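> Listed here are the chains, written in short residue letters.
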Amino acid sequence: MKRHLISAGDLTRQDALLILDTADELARVSDRSIKKLPTLRGRTVVNLFFEDSTRTRISFEAAAKRLSADVINFSAKGSSVSKGESLKDTALTLQAMGADAVVIRHSASGAPHRLATWVDGSVVNAGDGTHEHPTQALLDAFTMRRRLGALDGRRITIVGDVLHSRVARSNVLLLNTLGAQVTLVAPPTLLPVTVDSWPCEVSYDLDAVLPKSDVIMMLRVQTERMNASYFPSAREYSRRYGLDRDRLAKMADDAIVMHPGPMNRGVEIAAEVADSARSTIVEQVANGVTIRMAVLYLLLGGETQ
Amino acid sequence: MTDFIVRNARILGGEPADIAISGGLIAEVGRGLTAGGASEFDADGLVALPGLVDLHTHLREPGREDAETVASGTRAAALGGFTAVHAMANTSPVADTAGVVEQVWRLGQEAGHCEVRPVGAVTAGLNGERLAELGAMADSAAGVRVFSDDGKCVSDAVVMRRALEYVKAFDGVIAQHAQEPRLTEGAQMNEGAVSGRLGLVGWPAVAEEAIIARDCLLAAHVGSRLHICHVSTAGSVEILRWAKSKGWNITAEVTPHHLLLTDDLVEDSPVGSYNPIYKVNPPLRTREDVEALRAALADGTIDCVATDHAPHPVEDKETEWGAAAMGMIGLETALAVVHEAMVETGLLDWAGVADRMSYRPARIGRVRGQGLPPTAGSPANLTFYDPSVRDEVDPGGFASKSRNTPYEGRTLPGRVVATFLRGRPTVLEGKLA
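Chains as they are written, first to last, in the numbering used here: chain A, 62 to 366; chain B, 51 to 483.
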């Protein structure tokens, strides 16, 4: 594996399977009453969050703590960053503190790439702008594999705002690496104009794709996109691209419904679909901790030192 | 009384000849000229070109003297073989009055490294709404003939029409930064496969091409001169070719970096991914665009090379991509890049380089005494270039105050050995004279 996890495209098939298999083993720890392992004792993991994301930060924090790492949470608000400190100076500070891994969430695409040029520790991308969110893709793949078995040949449909979605970018790359067939469904305005160069299929018709899918992954659609004319109204979006009860009924019997959260109930996903037995949304959150444990464990080489 | 004898220079790449310089003029060109006590300069193996003229330079003074000054920028220009540069108007304060353009012009005179021709803003404060005092700038000591809101597009069609019409009175030209603003809100790089993968907001080619098409039609309608800055797409070339075929008075420039570099460097380069050293406006485009731009410069559809030298301090580039400033420095590498992109590829010979980097830009900018063939009687504005060497680019040796070159560590051909400004050497042996 590479030293950093910045893009899902950095992972070979072998790397990805190693992470998923390691997570399977670590999941057993999560089922014990005492959840802590000593493997990263004495190592320092910094959560560097320039964007508010309590869910992702808590998930990484829990993962690091279960491996006995020291965790430092560095949030941009109220810190020197809000006083105009540059990303580089923040990086040099973390470097001086001896961070073994830096988990970064940033609103600018590519910020983790820049960070990786300034620090010696491993950089883990926890979401950068509209670029990637590789641990989300890993936890999604982990969740699918637990429900459906191996992903080779499985048909995964990702629905929604692909253009602005880091989750979609990472999922397309990782699922392709794992041998799944990905179809993107979105209004044309919410797809990159060059999406035909991506390793996936594209459709504008959710109803046509639904019955053939093993997984439907719904993306959050931000209603402010409406004001920028990406689509006419939340209602129209919901009618054409939302997953409601009628559409759920068209899915194959063992197909599952996923969502990276946070959801807009009633816009891209109906409440009864989100809460149905087909939905893996709560499992995804639990699996997030497990997969992040596996990533930190493998990047920091927990068993040695 | 001869001041200088240049020995064995290959004028425009031709057979070796001597050049006698006297009183700021080329006195004589021939073989075996007698020195008569004049200083001698051995130009054996060097190509002699007319002094280069840049239509598009950001000297940053007044306002951003931390990035560049007229003095440092013109030193960089001289080292790059330039004898005249056009200083863009997006300074602080904006060069939208006779006072500011005269200040910049005077600073250029005092520095003395090359001629500084200030560009006047088209609209007051570059706000795109109200015409700046174009006539006052034209009539000032700076004698402005090129007007541009460069950095911003004159996007309002009526304002553009009026500007084109108004400058006819004093033989001015509007140099348009063609960028439809609504189509490029928040734009970070060329819109294409790379921007889609990298999750960066795209700057679509159509945003440039739509403005060029509109402005060609406007210029034709009112019978004015129009110049298009930094053309970057294959589609723009097609539109320009069509507009020129109508006989309209339209000219265009291309930057060295758009002749060599492509947008995939943003994703993967020797200096990493998302390195803002490659962030520039208009953005680096695709290989197909580069090929079209080279062909257009070769066939004259694009008239000239202009550097768009855009200095920025280190802290404005050592950031995440989205926060970084747009622009690259280019004065000290322009001729080498043109050599690699156009001469080594066989698209232009040295006479062609002289035309695209000196004659034509001087004509477009109405620069008197510049851009003339190196023959007896012409002002002795000359550049001597050694095409035989090839070196790694070392920005540590640049005269520019800024270091934001995309060529660091890259090997480029050639070296400017000497530059003469009106008979006086500004550069000798590759160093400031």
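Hints in this document: simulated from the structure, not taken from any laboratory. Errors might be hidden in some of the hints.
Claimed, not checked - Listed next, with one range per pair, are the computed distances between beta-carbon atoms:
(1) B/Arg180 to A/Asp150: 50 to 56 Å
(2) A/Glu285 to B/Arg418: 54 to 60 Å
(3) A/Ala289 to B/Glu394: 44 to 50 Å
(4) A/Asp150 to B/Ser72: 43 to 49 Å
To be verified - If we take Cβ atoms under 7 Å as the criterion, some of the chain B residues that face chain A in the derived model are:
(5) Gly193
(6) Ala243
(7) Gly246
(8) Leu250
(9) Asp318
(10) Ser319
(11) Pro320
(12) Tyr324
(13) Trp371
(14) Ala375
(15) Val393
(16) Glu394
(17) Gly473
Unchecked claim - In silico negatives: residues of chain A with every beta carbon more than 10 Å from chain B:
(18) Leu148
(19) Thr154
(20) Ala169
(21) Gly171
(22) Ala177
(23) Asp189
(24) Gly190
(25) Arg230
(26) Pro253
(27) Trp259
(28) Leu271
Note that the structure is a prediction, hence the values are computed from the model and not measured. Every residue, glycine too, gets a C-beta built ideally from N, C-alpha and C.
> Each hint needs a verdict: does it hold in this structure or not?
Do the hints match the structure? See the list:
1. B/Arg180 to A/Asp150: 50 to 56 Å: violated, 41 Å
2. A/Glu285 to B/Arg418: 54 to 60 Å: Roughly 55 Å apart at Cβ, these two residues keep to the hinted range, so it holds.
3. A/Ala289 to B/Glu394: 44 to 50 Å: holds, 46 Å
4. A/Asp150 to B/Ser72: 43 to 49 Å: violated, 57 Å
5. Gly193: Violated. Min distance 42 Å.
6. Ala243: holds, 4 Å
7. Gly246: OK, holds: B/Gly246 within 7 Å of chain A, min 3 Å.
8. Leu250: holds, 5 Å
9. Asp318: For B/Asp318, the interface hint is violated, since the closest Cβ of chain A sits about 11 Å away, which is over 7 Å.
10. Ser319: Violated - the Cβ of B/Ser319 stays beyond 7 Å from chain A, reaching only about 11 Å at its closest.
11. Pro320: violated, 12 Å
12. Tyr324: Nearest chain A Cβ about 3 Å off; hint holds.
13. Trp371: The hint holds - B/Trp371 has a Cβ within 7 Å of chain A, the shortest such distance being about 5 Å.
14. Ala375: Violated, about 13 Å.
15. Val393: Violated, about 33 Å.
16. Glu394: Violated. Min distance 31 Å.
17. Gly473: violated, 47 Å
18. Leu148: violated, 5 Å
19. Thr154: Consistent with the label, A/Thr154 stays out of reach of chain B, its closest Cβ about 15 Å off (over 10 Å).
20. Ala169: At about 4 Å from chain B, A/Ala169 fails to clear the 10 Å cut-off, so the statement is violated.
21. Gly171: violated, 3 Å
22. Ala177: violated, 8 Å
23. Asp189: Given a closest Cβ separation of 8 Å, the condition is violated.
24. Gly190: violated, 6 Å
25. Arg230: violated, 6 Å
26. Pro253: violated, 3 Å
27. Trp259: violated, 7 Å
28. Leu271: A/Leu271 clear of chain B: closest Cβ-Cβ about 26 Å, beyond 10 Å.
Checked against the numbered hints given earlier, this structure breaks hints 1, 4, 5, 9, 10, 11, 14, 15, 16, 17, 18, 20, 21, 22, 23, 24, 25, 26 and 27; the rest are met.
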